[in-house]
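For the sequence shown, the working numbering gives the first residue as 1, with consecutive numbering after it.
Simulated from the structure, these hints should not be mistaken for laboratory data. Since this is a predicted model, take the numbers as computed values, not measurements. By construction, the Cβ of each residue, glycine as well, lies at the ideal position given by its N, Cα and C atoms. Just so you know, not all the hints are guaranteed correct.
[To be verified] In the DSBU-like style, the derived pairs of lysine-lysine whose C-alpha atoms are separated by at most 35 angstroms in a straight line are:
1) K49 x K38
2) K38 x K3
3) K49 x K3
4) K38 x K16
5) K16 x K49
6) K3 x K16
7) K15 x K3
8) K15 x K38
[What the hints assert, rightly or not] Restraint ranges, calculated between C-beta atoms of paired labels, are given here:
9) G11 x R52: 17 to 25 angstroms
10) R28 x E66: 26 to 34 angstroms
11) Y44 x K3: 16 to 24 angstroms
12) E66 x K16: 25 to 33 angstroms
13) D13 x K38: 20 to 28 angstroms
14) N22 x M1: 17 to 25 angstroms
15) I56 x R36: 14 to 22 angstroms
16) E66 x Q18: 16 to 24 angstroms
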Amino acid sequence: MIKCNLSLYMGRDRKKIQDVVNETGLARNTVGNLYRDKASRIDYDTIDKLCRMFHIGVGELLEYVEDEEQVSPAQNDL
């Protein structure tokens with residue numbers, strides 16, 4: 001699954017959701033869903049604005065983490 005680390009960078013920079021909305025022009029719902037890692041899709045423009053705001057790369061904002069439910073028991077022993 002893909003994990004959004006927006007809350008990590010917002011905490012690092014002590015930003016509130018409204019701060020991100022004001023500085024990027026993104027919709028509050030969009031920022032809130034990404035903050036809570038509840039978004040099901042994200043526009044390239046949104047990624048671009050957030051990466052520029054926090055001076056990070058796409059791989060820092062979004063990361064792939066293996067879904068524990070999909071990992072077989074044998075893989076957990078590795």
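Taking the CB of R28 and the CB of E66, does the distance hold inside 26 to 34 angstroms?
31 angstroms, holds
Holds or violated: K38 and K16, Cα atoms, limit 35 angstroms.
Measuring from Cα to Cα gives roughly 17 angstroms; hence the hint holds.
Holds or violated: are the alpha carbons of K38 and K3 at most 35 angstroms from each other?
9 angstroms, holds
Taking the beta carbons of D13 and K38, is their distance inside 20 to 28 angstroms?
With a Cβ separation near 21 angstroms, D13 and K38 satisfy 20 to 28 angstroms, so the hint holds.
Holds or violated: the 16 to 24 angstroms window for the beta-carbon distance between Y44 and K3?
18 angstroms, holds
Is the gap between the beta carbons of G11 and R52 within 17 to 25 angstroms?
Holds - the Cβ-Cβ distance for G11 and R52, about 18 angstroms, lies within 17 to 25 angstroms.
For a C-alpha distance cap of 35 angstroms, please report whether K49 and K3 respect it.
18 angstroms, holds
Do N22 and M1 keep their Cβ atoms within the hinted range of 17 to 25 angstroms?
Hint violated: Cβ distance 30 angstroms, outside 17 to 25 angstroms.
Assess, step by step, whether the Cα of K3 is no farther than 35 angstroms from the Cα of K16, and give holds or violated.
19 angstroms, holds
Can the restraint linking K15 and K38 be considered satisfied, given a maximum Cα separation of 35 angstroms?
Holds - the C-alpha atoms of K38 and K15 are around 19 angstroms apart, at most 35 angstroms.
Beta-carbon spacing of E66 to Q18 - inside the hinted bounds 16 to 24 angstroms or not
About 34 angstroms separates the Cβ atoms of E66 and Q18, which means 16 to 24 angstroms is violated.
Restraint status (C-alpha distance of K49 to K38 at most 35 angstroms)
19 angstroms, holds
This entry does not satisfy hints 14 and 16, going by the numbered hints stated previously.
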